[in-house]
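Novice: Sequence:
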Amino acid sequence: MEFALVIAVVVIALAFDYTNGFHDAANAIATSVSTRALTPRVALAMAAACNFLGALAGTEVAETVGKGIINTPAGKHGLVIVIAALIGAITWNLITWYFGLPSSSTHALIGGLVGAGLASTSTVLWSGIVDKVVIPMVLSPAVGFLGAFLLMVAILWLFRRSNPGKTTRGFRMAQSLSAAAMALGHGLQDAQKTMGVIFLALVTTGHAQQSDGIPIWVKLSAATAISLGTYSGGWRIMRTLGRRIIHLDPARGFASEAVSAAVLYVMAIALHAPVSTTHTITSAVMGAGATKRLSAVRWGVAKGIVTAWILTIPAAGLVAAAVYGLAHLILE
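Using my numbering, read the sequence shown as starting at 5 and increasing by one per residue.
Everything labelled a hint here was simulated from the structure, so no lab data went into it. Beta carbons: idealized from backbone N, C-alpha and C, even for Gly. Just so you know, not all the hints are guaranteed correct.
The calculated label-pair distances, taken between Cβ atoms and stated as ranges, are [unchecked claim]:
hint, residue 1, residue 2, range
1, 310, 158, 23 to 29 Å
2, 130, 157, 19 to 25 Å
3, 221, 314, 19 to 25 Å
4, 164, 103, 39 to 45 Å
5, 162, 311, 19 to 25 Å
6, 122, 40, 28 to 34 Å
7, 296, 329, 48 to 54 Å
8, 162, 45, 48 to 54 Å
9, 334, 270, 28 to 34 Å
10, 270, 310, 36 to 42 Å
11, 221, 43, 32 to 38 Å
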């Protein structure tokens, strides 16, 4: 029974990773597609390949998710908690994808872990959540908005006397690089969260030790799942991020992607913090767009997105708690 539950955790975790990929495909390429720097299929193929490479670039975020959010009990009980957390996260991902809202798969997973942990009376590591989740959750969108705004102001000043046509073509080419950097950052952040959950299940059942590090098969399977999900494309969210918030030009698209990628790298490598790629790129798009004029940003759309952000952790947590209660009765 326990081994079957381990297999179930791995399968459900990879399913979450796949939904993460198509839910968050827009994060890496929506701005490049909307400015016609890349065609949709070329952009998706590039993003999928970079997601795969980024997923293999480190394990810092995976270790935070695997041992910094909750302490799960050993054996079957711990596996039920992890399964409930994953189902809560997948459910919220599908709901927000259906309505075209770029919410955070990261915070859905963390909300699921916390909700299932509270329902099961497991120890929730609140200090770790504050340090590694709450503070970066507030910090990364703020830095994304301000950084993209300032970078765009600098670009406008530096190229103020340049030929507009040549400048646009140049930034359209530069967007190919910034989109690739963003996709690498997405893999570095989001694929590692799935690795962390699978590793948590393996440690819970004694199939791995914390000191062993994450097995290579876990890394490769998570990298593959998120890449396949990304290539399938999240078109509903892509329209919201690429066009409904603001109509971006190539320069603003480049500024948004470059700043977002930098934030993701710093948070993952330096701070080991699982931040939301969705929150970061969406805020950066608003920051770059605000340099045109504040009214150019469709703040009504932005308000709906922020509302989804606020609801993500408690909504995923409630679903996870309900699933845990049901699974606890059936499986235990």
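Novice: Any hints from earlier that this structure breaks? Give me their numbers in increasing order, please.
Specialist: Numbers 2, 3, 5, 6, 8, 9 and 10, in rising order.
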